[in-house]
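What follows is the residue order along each chain.
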Amino acid sequence: MTWDVILRVALVAVAFLTLPLIVGQTEHKVMAHMQARLGPMYAGAFHGWAQLIADGVKFAQKEDVTPRAADGPVFRLAPAVALLPYLLVLLVIPLGPGDLVGQQLDVGLFFVLAVVGVGVIAVLMAAWASANKYSLLGGLRAAAQLLGYELPFVLSAASVAMAAGTLSLPGIVAAWQPWWLLWQLPATIVFFVSGLAEIRRPPFDMPIADSELVFGYLTEYTGLRFAFFLLAEYVGIVVISALTAALFLGGWHGPWAESVGWLWMLLKTGAVAFVVIWLRVSWPRLREDQLQRLCWLVLVPLALAQLVLTAGVRVALG
Amino acid sequence: MTLQDVLLSVVGLVAVAGGVAVVTTKQLVRAGLWLVVALGAVAVEFLLLGAEFAAWVQVLIYVGAVVVLLLFAVMLTRAPIGRSSDLDRPALPATLVGAASGLGLAALFVGVFGQFQVPAPAVGTAERIGDSVFGAWVLPFEVLSILLLAALVGAIVLSRPAAPAPQDASADAVAQGSSR
Chain B
3 MTWDVILRVA LVAVAFLTLP LIVGQTEHKV MAHMQARLGP MYAGAFHGWA
53 QLIADGVKFA QKEDVTPRAA DGPVFRLAPA VALLPYLLVL LVIPLGPGDL
103 VGQQLDVGLF FVLAVVGVGV IAVLMAAWAS ANKYSLLGGL RAAAQLLGYE
153 LPFVLSAASV AMAAGTLSLP GIVAAWQPWW LLWQLPATIV FFVSGLAEIR
203 RPPFDMPIAD SELVFGYLTE YTGLRFAFFL LAEYVGIVVI SALTAALFLG
253 GWHGPWAESV GWLWMLLKTG AVAFVVIWLR VSWPRLREDQ LQRLCWLVLV
303 PLALAQLVLT AGVRVALG
Chain G
10 MTLQDVLLSV VGLVAVAGGV AVVTTKQLVR AGLWLVVALG AVAVEFLLLG
60 AEFAAWVQVL IYVGAVVVLL LFAVMLTRAP IGRSSDLDRP ALPATLVGAA
110 SGLGLAALFV GVFGQFQVPA PAVGTAERIG DSVFGAWVLP FEVLSILLLA
160 ALVGAIVLSR PAAPAPQDAS ADAVAQGSSR
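Chains as they are written, first to last, in the numbering used here: chain B, 3 to 320; chain G, 10 to 189.
Since the hints were made in silico from the structure, they are not lab data. Check before you lean on any hint, since a few could be wrong.
As the list claims (entries may be wrong) - Simulated restraints, written as ranges between beta carbons of each label pair:
no., chain 1, residue 1, chain 2, residue 2, range
1, G, Pro149, B, Val310, 39 to 49 Å
2, B, Thr20, G, Ala159, 48 to 58 Å
3, B, Ser213, G, Leu114, 29 to 39 Å
4, B, Asp101, G, Ser154, 58 to 68 Å
5, G, Val15, B, Ile8, 38 to 48 Å
6, B, Leu153, G, Thr11, 35 to 45 Å
7, B, Ala177, G, Pro149, 49 to 59 Å
8, G, Pro89, B, Pro180, 49 to 59 Å
9, B, Ile8, G, Phe122, 55 to 65 Å
Unchecked claim - Partial selection, computed: residues in chain B whose CB lies under 8 Å from chain G:
no., residue
10, Pro69
11, Asp108
12, Phe112
13, Leu115
14, Ala116
15, Val117
16, Ile123
17, Met127
18, Trp130
19, Leu138
20, Leu139
21, Ala145
22, Pro286
23, Leu288
24, Glu290
25, Leu296
Each residue gets a CB set at the ideal place from its N, CA and C atoms; glycine is no exception.
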């Protein structure tokens with residue numbers, strides 16, 4: 003029993019340490035090729051596969067600077083607060099059929115939504131404690147964005163929970179059927195777009211807009227603490243992609259799901275992560291007012307309409 | 010004393026300490042951050058008592074939304090790093106009222122429930138909460154929904170820009186003059 007728990011936690015920790023690096027490396031290469039470049043080619047000799055390891059070593063060697071005017075303890079704590087929620091979320095995402103999940107949780111979906119929301123506090127801590135006006139502006143933008151997009155995020159997740167009749171993530175995946183792709187299509191789009199905004203990826207990177215705000219709430223961070231924030235962003239991609247795959251794309255469902263279900267889940271997660279990278283290359287950054295308009299005038303009504311549709315179909319099917 | 014009792018007491022102490030830090034710190038934004046500690050500790054208490062659903066609601070609503078809104082509002086105003094010397098807190102009366110109500114409640118609960126052995130209810134799953142909210146407690150639930158709706162409408166009315174006063178020709182001329 004105890005060994006089982008330790009093994010599961012260890013496996014989730016391994017996933018936490020490797021998947022973001024794989025996504026990061028893919029981003030380097032995919033972006034490069036989309037822009038007719040080669041990207042990293044030298045580190046590790048074969049197509050620059052060790053580039054991110056080299057980056058990590060570089061980050062670890064850099065000086066750890068806390069600005070004199072900053073609020074030290076809060077400033078130093080913020081990267082950890084940014085990273086921890088995503089690690090906890092990875093624990094409850096089902097990888098395969100049956101028991102192949104870090105931790106069975108009856109209210110798994112609710113847990114995920116609650117814990118992802120805590121990330122905002124890290125942004126506000128970093129923004130305020132930096133004692134830098136660009137940081138503060140970035141933090142305010144981030145808070146406004148995250149508060150707004152939390153609503154469609156939760157509503158679209160609620161739709162699929164209603165469809166499945168359970169809040170448990172393995173339960174939702176088990177109840178999933180292929181025709182849900184059509185039935186839950188609006189919710190899929192709303193969830194993915196607002197998830198993208200939750201992790202502040204382009205085109206929703208207004209809070210760290212480097213052409214206006216230096217680097218937003220990350221301006222004053224250096225070395226390992228900056229690397230932690232970057233890692234949080236890439237774990238965020240993994241979490242949002244895995245959630246989209248598990249909730250809306252059927253998770254481990256596919257041919258021979260009993261034996262290779264985990265592979266299907268990883269493939270779907272990878273495909274969604276590829277779209278996340280693709281969007282970064284192909285979309286310009288949304289302006290602050292466009293960003294809020296998209297949230298309140300498009301995504302929220304769409305999510306509400308989807309809730310009505312889901313409830314209607316559920317009632318009609320009995 | 011079981012392990013659960015010990016954990017409950019320790020986490021309870023953390024919650025109380027966080028609350029004390031909220032009202033005693035001289036640094037405005039840190040007060041908001043201490044609130045995260047206090048409310049988070051209460052969520053852990055819910056977890057320890059087997060009320061899983063309530064615990065995550067506590068995190069989602071209080072830590073994820075209420076505190077964030079509070080910090081957001083504080084940062085929009087003057088929120089200096091370091092001590093604010095001009096915080097006016099009625100320290101003595103607040104301590105008296107807080108301590109008296111805290112001790113009074115504690116004495117009341119110990120006096121009323123101290124002798125009973127209450128069997129621990131089953132884990133608070135979403136299904137059980139849903140059954141009770143939409144079964145036995147459906148009337149209070151609906152009343153609260155109406156209250157929330159009224160508050161929502163009130164917020165919209167309050168935040169609407171004031172209707173423009175009926176304009177006559179002279180006011181128009183003045184407005185045009187000033188805009189040039």
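Identify every previously stated hint that the structure contradicts and give their numbers, smallest first.
-> Numbers 1, 3, 4, 5, 7, 9, 10, 20, 22, 23, 24 and 25, in rising order.
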